[in-house]
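Student: Protein chains in written order, with my numbering: chain A, 1 to 505; chain B, 1001 to 1429; chain C, 2001 to 2408.
Be a bit skeptical, because a hint or two may be false.
[What the hints assert, rightly or not] Derived lysine-lysine pairs resembling DSSO-like cross-links, with alpha carbons at most 27 Å apart:
| id | chain 1 | residue 1 | chain 2 | residue 2 |
| --- | --- | --- | --- | --- |
| 1 | B | K1097 | B | K1208 |
| 2 | A | K246 | A | K184 |
| 3 | A | K246 | A | K2 |
| 4 | B | K1289 | A | K120 |
| 5 | A | K110 | B | K1289 |
| 6 | A | K120 | A | K246 |
| 7 | A | K326 | A | K382 |
| 8 | C | K2318 | B | K1022 |
| 9 | A | K110 | B | K1304 |
| 10 | A | K199 | A | K2 |
| 11 | A | K120 | B | K1208 |
| 12 | A | K199 | A | K250 |
| 13 | C | K2188 | B | K1097 |
| 14 | A | K280 | A | K420 |
| 15 | A | K199 | A | K441 |
| 16 | A | K326 | C | K2188 |
Just so you know, these hints were derived from the structure itself, not from any lab.
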Amino acid sequence: MKLELRGITKRFGDFTANDRIDLVVEPGTVHALLGENGAGKSTLMNVLFGLYDADEGEVLLDDEPVVFDGPGDAMTAGIGMVHQHFMLVHPFTVAENVMLGHEDVRGPAKLLDVEAARAKVREISERFNFNVDPDAVIEDLPVGAQQRVEIIKALSRDASLLILDEPTAVLTPQETDELLGIVKDLRDAGTAVVLITHKLREVQAVADTITVIRRGKVVGTAEPTASQEELASLMVGRAVTMRVDKEPAKPGETMLEVDGLTVVDDAGIVQLDGVSFEVKAGEILAIAGVQGNGQTELTEALLGVVPADAGSATLDGEVITGRTIKEVLHSGIGFVPEDRTEDGIVASMTISNNLILDVHDKAPYAKGGALQPKVIAEEARKHVEQFDVRATGIDQTAGSLSGGNQQKVVLARELSRPLKLLIASNPTRGLDVGSIEFVHKRIVAERDSGAAVIIVSAELDEVVALADRIAVMYHGRIVGIVPPDTDRDTLGLMMAGAHDEEEAA
Amino acid sequence: MTATVADAPAAPVSGAPIPPKKWGAAIALGVIALLSLIFFGFGTPAGSTTKFVIARKTDFIQLPSLTVPSELAAILLSLVGLALAGWVAYRANQRRKVGIWLPIVYGMAIMGALLTWAGAGREATSIQLTGLLTSSLFLAVPLVFGALAGTLCERSGIINIAIEGQLLAGAFLAALVGSMAGNAYVGLIAAPVAGALVGLLLAIFATKYWVNQIVVGVVLNMLVIGLTGFFFSTLMSDDPSLNQPIGLEKLPIPLLSKIPVLGPVLFNQNLLVYILYVAVAALQIMLFKSRWGLRVRAVGEHPKAADTVGIQVNRTRIRNTVLGGAVAGLGGAFFTVASGLAFGKEMTAGKGYIALAAMILGRWSPRGALAAALLFGFADALRVQLGAIGSPIPSQFLAMTPYLATIFAVAGLVGHARPPASEGIPYKK
Amino acid sequence: MSADSQTTEDQRDEEAPPEDRWRRALREIVESSSMVVFMAIVASMIIGGVLIIFADEAVRESAAYFFSRPGDTFSAIGDALGSAYSSMFNGAVLNLEASSFAGVIKPLTQTLTMATPLIFAGLGLGIGFRAGLFNIGAQGQLLMGATFGAYIGFAFSLPAGLHLALAVIGCAVGGAIWGFIPGILKAKRGAHEVIVTIMLNYVALYLVAWLLSLDAFQREGSDNPISPFVAETAQYPKILGVQFNLHLGFLLALACAWGAWWLMERSTLGFRLRAVGANPSAARTAGMNIGTATIITMVIAGGLAGLAGSAPVLGTQKFLTDAVAGTLGFDAITVALLGRSRPLGIVLAAILFGGLQASGPSLQVNAGLPVDIVVVIQATIVLFIAAPPLVRAMFRLPAPAHEKEVAA
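So here's chain A without its partners, still in its complex pose:
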C-alpha cells in the first residue's frame, strides 16, 4: 500500500506541531522519520492513525484521499501502529490483546472465540519466530516480548503499513538488532514500514528512504548512505556533535561509597543486585545502560525513595541508607529526578514555591513553622536570574513553563545549597539544544566546585560527553566501569550484559 501525506498541519493552541508536511511511503520499503525529541514525529503519526484530527492537509492511500475518524478507520484501511508506550491491557492475555477490537465471535451473544485468537497468535508468532505464548498475561512479560505482541496485534489485522514509534527506546542493542531484522523481514514480505526514531544508527541500518523533521517541518530527505554527521546536522539544524567543554577532572577524596546495594521490588523481583562503586569529589560518574536495568532503582535507593534490602551507601563517612529522604537530602545530596514533571516540580505551585520545595521549613525561608514570604520571593528572584529561567515572574506556575525552564527551576533548587553529591537522572531528556548545553555546563560547574556527580542517562552521547568514568548497568548489576574514551561497540556489548568486557577497562 502506498501512503501519501499532503500538507498536513496540526496545531495545539498557538503552537504548530506539524507544519505542511508532505511525505510519500512506497510499499515494500522502510521509511525512516528522523527527528529530535519533540520535533513533531509522533504527532504526525497520530494524525495519520486517526488519533488527532489534522487542521489542514490530506492523507492518500494508494492515491485515494481518505479521512480517518479514529484509529479504527485507520486500521480497517490497513494501517498498524506500534506506539512508543505500548497499548496493551495489562491484566489481559496475549490472545485477548491481539483480538481486542476485531474479535472473532460466536452466537447471538457474540461470545469470544478465544481458540481462533490463540491460533492467530501462534501462526504469526511462528511465521516471524517471535516465541510468544498466546495465554501469557501481559504484565508477566518482559518489555521485548510485549513489543512483539504489539507487532502481532498489527499484523493480525493484515496491516500493509506498519508505523513503529521509537521502538528501540526500551530495548538492548541485541534486542534492537532483532527488531531491525524483523523490520527487514516485514519489508521483504511487502509491508510498508514507517520507522520513527532519533537514533541515526538504526536509520542507517534499515531505512530505504529518510525524511528528517525539525520543529514540525520537513527539513530534508536523505539517502541511507548519508553519513551520521549529515543526518545529525539536518536533524538539529546545525552541525552539532555533543561535546561539553570541560577541564580534566581533578578527583579528590572518595565522597560516595556504595557497597553491595540491593533492591527487591514489591513483586519480589531483584531490581538492583549487589551494586558496588565509589565516586570521588570533583568527578562525574556516568551510569550508562538501556532503560530499565536498575538505574532508576539505584538513584531511588540512594535517595531513600525505595528501601535498600541489602548493602549500604556511605556519603563522606556517613551511612545514608536506611535514612529518610529528608535526612538524605540534608546530608548534602542534590537530586535531579528522571521524570521532571512527575517528581521534579509541582506544576500547580508557583516558581518561588517550587524553588523551596525541599528547604521550605529551613531558615531563612521559615521561622518557627511560619513561612517568610518576603525572603522566599527575594531568593526566588535571585535564582530565576542566575539560572536564566524564562518566566513572566516568580508567581507564574511552574506547570506553565517550558520543559527547559522547568528543568532550570529544578537545577536552581538543587544546586543552591552546598552539595557533596549531585545525582541527576536523564537531566536533558526532552530539552531543546540550548537548554541541554546550559544544563551540562551547570553540572560540570558543580563538579569543578568539588562535588561528586552521578549522571544517569539512556543517551550514550550524553554519557560519553559528560563522564569522567562510565559505569554500565545491566540486569540490576554494574557490569563494568570504564574510561570515557571506551569505544561504542564495547559499551554496547556491555549494555547488553557481556560480562567478559568487564576487564576491558
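Using the hints provided, position chains B and C relative to the given structure of chain A.
Tutor: Structure of chains B and C alone, referenced to chain A:
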C-alpha cells in the same frame, strides 16, 4: 533470531518473580474462628440445646425441626472455621489462592456457631432457618442490583457513587408509574428508566465535562434525594392515588419451589428476584466471555489501548454507565413495587453505599457481587431474627459488619481489592 | 506525546499581544470563576423555579385550560414564584413582614447559625481537597465529635468557661479520631479514603445508636435514643442575646477559617500539605513524608468536622441523637466545592447554603413548599460550578484561555 529472545532487561535476575507471602487473610479468619470458639463454643451453657426450624408450616414437604446440643455444635462449627483458616494459611505459604467456596463455607460455619449459641437454651423460641434464608435473599436484592450497577460502571472506568440515587430514583418512579397505571409490572418497567437517567447525568458530567466522578456521584445522590422528596411532598401528597402500595405477586415455580428449604427460598419469589438470577448469570458470562465484556474491561483498564484498536472509549463508558444506572434503578423497584410498599422519603436509607461495598468485596465481578450481597443480606436478616429472640449481641454491631468487612477488604487486611486501573480518570485524547 | 507537549509549552513563553486595559478587565470578570459561580447560582434558582411552578396546584389547574385563558396560567406562575422567592428572602435574609427590628433581622442571624457547622466541616473538607484527599466522612466525623462533646457536656459538672472549652475540645478530638482511622489506613495500607470514609460514616452511626441504648448515654425517663441535655456551663453563649439563636460557635468558626487560611498559606505544614496534594511524588522526592501528611490532613479535617458537631450539641439542639448530623456532612462537601476549598470561599458558600436551609421553614409555611427544594438547588449549584463549560455554554460566556482545574 537468537536464543536470547525470551530474555529482556526487566526480567528477574534470580529466577521467577517471588510474590511475598500474604498472611493477612489467614490471620483474620483464624482470629475470628478462635473468638467464635471461645465465645460461642465455650460460652454456651453445657447441656442446653438449640432448635432449628427448617421448614415452615406452609411448605410442601415438612421436614422435622432439628435440635442439636448447643455447646458441642458450636464448638464443632468453630473448629471447622479454624480448620479452614489453617487451610488458607497453608495455601498462603505456597503462595496460592483459595477458591470462592472457602469464604462461603467459612461464613456458614461461623454464622452457624453464632446461631447455635444465640438459640441455646431458649425452648420457647427457635431459629427459623428457612425464614432466615428467605429474608437474607430478600434483603440482598437491592444490594445485588446496586453492586451489579457499580460493577458495570467501574469496569468501564466510571466510578459510580450515585448507586444510592439510582436506587432511590428507581423506587420513586416505579411507585409513581405503577400507581398511575394501577399495575406493579408497569412500575417495574419504569424503574430502570429513572436509574438510567441518573446514570446518564453521571456519564455526561464524567465524560464530557471531566468533573471528578466522586463529586458528581455524591451530588447526584443529593439531587435525587431532593427531587424525590420534593415530588413526594407535593405531587404525591396532593394526590395520594399517585403513590399506592401495590406489589408484585409471588410466582412459585412449579416443582422447584417444592424442594425442601431451598425451594421456598429460591423459587417462590416475585419476578424481580427471577430477573436478578438471570442478570447475575448473564452479566457474569457477558463481562468475561463476550466481545462486549472484553471491550468494556479494556476501556476500564487502559482506555488509550482500546482507543487505538478502534473502540470508542467515551461511548462505551456512557453506555455502560447508563446501563448500570438502569440496573440500579430496577433494583430500586425492590423498595416499592416489589415489596408492596408506597414510596417514602429517602427510603433506600444508604443501601446504595452497602451495594458499593458489595461490589468491592465481590472484586468487581457479578458473581462476587452476588456472594457479598447475600452475606450482607444474611447479616441484616440475622440482626432482625436475633432481635426477635432477644440475643445478647447488640443489633447495631451486626448492622456494622458489612461496613467493617469492606474497610478490612480495602485496607488489604483480607485479600486485596484491585479496582480497574483507569477508573475515575477521564479519557482525554 | 509527552515530548511533543513539551514543545507546546515552549510557545507559552511568548507574551500575548497587549490588550486594551478595560477590555481585559471585563474579560477577566467574564472568564473568572466567580462569574461562573454566580451564573451557576442563577441557573439553579431557575431550575428551582421550574420545579416550584410544576408543583404548584394553582398552576396545574390553570394549565388545564391554558388555551382558553392563558393569562390565568401566567398569573398563577407569577404567584407561585413570587411567594416562593419572597418567603425564601424572608426566611433567610430579612423578614420584611416582622414588626420589630429583632424580628426583621432574625432570619439573617438564623442563616449565620445554620452556616456555623457548614463552615467548620467545609474548612476541614477544603483542607483535605487541597491536600489531595477525598474525605466523604465528614458525616461520621461530625457525629463522633458531637458524641464526645455532648458526653463531656452532660456527664460532667464543671465551671462555666472550662466546661465549654473541654466540650469543644472533645468535639474536635472525637472527629479527629474518626479522621485518623482512614488517614492511617491510607498511609500504611493504601486503603482508598473515599471507600473507608463512606463506610466509617455508617459505623459511626451504628456506634452512636448503640451508645444511646446504654444507660450512660440515655436520657432518664425517656425510651427514645436521646441523651440528656448538655449542661448550661457547656453550651455556647448566645452572642446577640437570648432572642437569637446565633451562638459563640459562629465566631469560633470564623476564627477557624482564619486559622485554616494561615495554615494553608503561611505555615510550613500547610506548604507541605499543598505540595503533597498537588504532586505527591514530587513532594516525596523533595523529602516530604506523604503518609504523615495524609494522617495530619485527615486528623485536621476530622477535627474540624468534629467541631461542626459542636454546633448542634452545644449550640442549638443541645443534646445528642443519632440523627444529630442530619445531612451536614454531605452539605459540607458541597460547601467546600462551591467555596473552591479556600477559607473565604467556604465561609461565603456556607452562608449561602445556611441561608437556603434557614429559609426552609418559611418556604414550608408561607409558600407551602417542602424544604427538599433547597436540597435540589444546592445540588444543582454544585453540579454547575463543577462543570464551568456547561455554565458558559448556557449563558454564552467566552471560555478562558486556559481552562482551570475544577476544585478537588
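Student: It remains to establish, for every hint, whether it holds in the given structure.
Tutor: Structure-based check of each hint:
no.: 1; hint: B:K1097 <-> B:K1208; in the structure: 40 Å, violated
no.: 2; hint: A:K246 <-> A:K184; in the structure: 42 Å, violated
no.: 3; hint: A:K246 <-> A:K2; in the structure: 49 Å, violated
no.: 4; hint: B:K1289 <-> A:K120; in the structure: 18 Å, holds
no.: 5; hint: A:K110 <-> B:K1289; in the structure: 9 Å, holds
no.: 6; hint: A:K120 <-> A:K246; in the structure: 56 Å, violated
no.: 7; hint: A:K326 <-> A:K382; in the structure: 24 Å, holds
no.: 8; hint: C:K2318 <-> B:K1022; in the structure: 49 Å, violated
no.: 9; hint: A:K110 <-> B:K1304; in the structure: 23 Å, holds
no.: 10; hint: A:K199 <-> A:K2; in the structure: 25 Å, holds
no.: 11; hint: A:K120 <-> B:K1208; in the structure: 37 Å, violated
no.: 12; hint: A:K199 <-> A:K250; in the structure: 33 Å, violated
no.: 13; hint: C:K2188 <-> B:K1097; in the structure: 24 Å, holds
no.: 14; hint: A:K280 <-> A:K420; in the structure: 10 Å, holds
no.: 15; hint: A:K199 <-> A:K441; in the structure: 24 Å, holds
no.: 16; hint: A:K326 <-> C:K2188; in the structure: 19 Å, holds
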